[in-house]
Amino acid sequence: MKKSTLFFLISFFTNIGFSQTIYWSEDFEVTPVPAWTVSNGTWEIGVPISLPNGAFSGLKCAGTVLSGNYGNNVFSRLSSPSIIVPSAAQNPRLRFQQWFSFSNSPGLDAGLIQIKTASGIWTTIADSLI
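Just so we're aligned: 15 in this note's numbering is position 15 of the sequence shown, and the numbers increase by one with no gaps anywhere.
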């Protein structure tokens, strides 16, 4: 399996006129990163040692096995702390940076960006299925 690294410089923001309000952001530069959780132990936060050649911003990022490739048949989730998103009337936006390198075989690898509402249902808002 190839490496899947998501570089997260994440922010929720709204634009009002020409001003922008950032409600939450994460650049993974503080150690330990507060309130993030990992299921199945594949995700790491730190300095990437193999490809790509550095984080989008700063030195650190979140990724799967920062020093190499991840194993076969692994499902792992990196979850942020709960975030209160402004109402739809404020036109909230999620901004993030990602990099990935997947197997060339269709259907073997994927990366999903999901949100979970108060109802507890996960909804995919972006994917990189091959």
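Everything labelled a hint here was simulated from the structure, so no lab data went into it.
For glycine and all other residues, C-beta sits at the position ideal for the given N, C-alpha and C.
Errors might be hidden in some of the hints.
Unchecked claim - Pairwise CB distance ranges (calculated):
no.: 1; residue 1: Val30; residue 2: Asn73; range: 26 to 34 Å
no.: 2; residue 1: Val30; residue 2: Ile125; range: 43 to 51 Å
no.: 3; residue 1: Gln97; residue 2: Asn72; range: 23 to 31 Å
no.: 4; residue 1: Asn73; residue 2: Ile22; range: 34 to 42 Å
no.: 5; residue 1: Ser76; residue 2: Ser19; range: 35 to 43 Å
no.: 6; residue 1: Ala89; residue 2: Glu29; range: 27 to 35 Å
no.: 7; residue 1: Asn104; residue 2: Phe56; range: 21 to 29 Å
no.: 8; residue 1: Ala89; residue 2: Val38; range: 12 to 20 Å
no.: 9; residue 1: Ser119; residue 2: Trp24; range: 18 to 26 Å
no.: 10; residue 1: Val47; residue 2: Thr117; range: 12 to 20 Å
How the hints compare with the structure:
{"no.": "1", "hint": "Val30 with Asn73: 26 to 34 Å", "in the structure": "holds (33 Å)"}
{"no.": "2", "hint": "Val30 with Ile125: 43 to 51 Å", "in the structure": "violated (26 Å)"}
{"no.": "3", "hint": "Gln97 with Asn72: 23 to 31 Å", "in the structure": "holds (27 Å)"}
{"no.": "4", "hint": "Asn73 with Ile22: 34 to 42 Å", "in the structure": "holds (38 Å)"}
{"no.": "5", "hint": "Ser76 with Ser19: 35 to 43 Å", "in the structure": "holds (38 Å)"}
{"no.": "6", "hint": "Ala89 with Glu29: 27 to 35 Å", "in the structure": "holds (33 Å)"}
{"no.": "7", "hint": "Asn104 with Phe56: 21 to 29 Å", "in the structure": "holds (25 Å)"}
{"no.": "8", "hint": "Ala89 with Val38: 12 to 20 Å", "in the structure": "violated (34 Å)"}
{"no.": "9", "hint": "Ser119 with Trp24: 18 to 26 Å", "in the structure": "holds (20 Å)"}
{"no.": "10", "hint": "Val47 with Thr117: 12 to 20 Å", "in the structure": "violated (34 Å)"}
Violation of the numbered hints given earlier is confined to hints 2, 8, 10; the remaining hints are satisfied by the structure.
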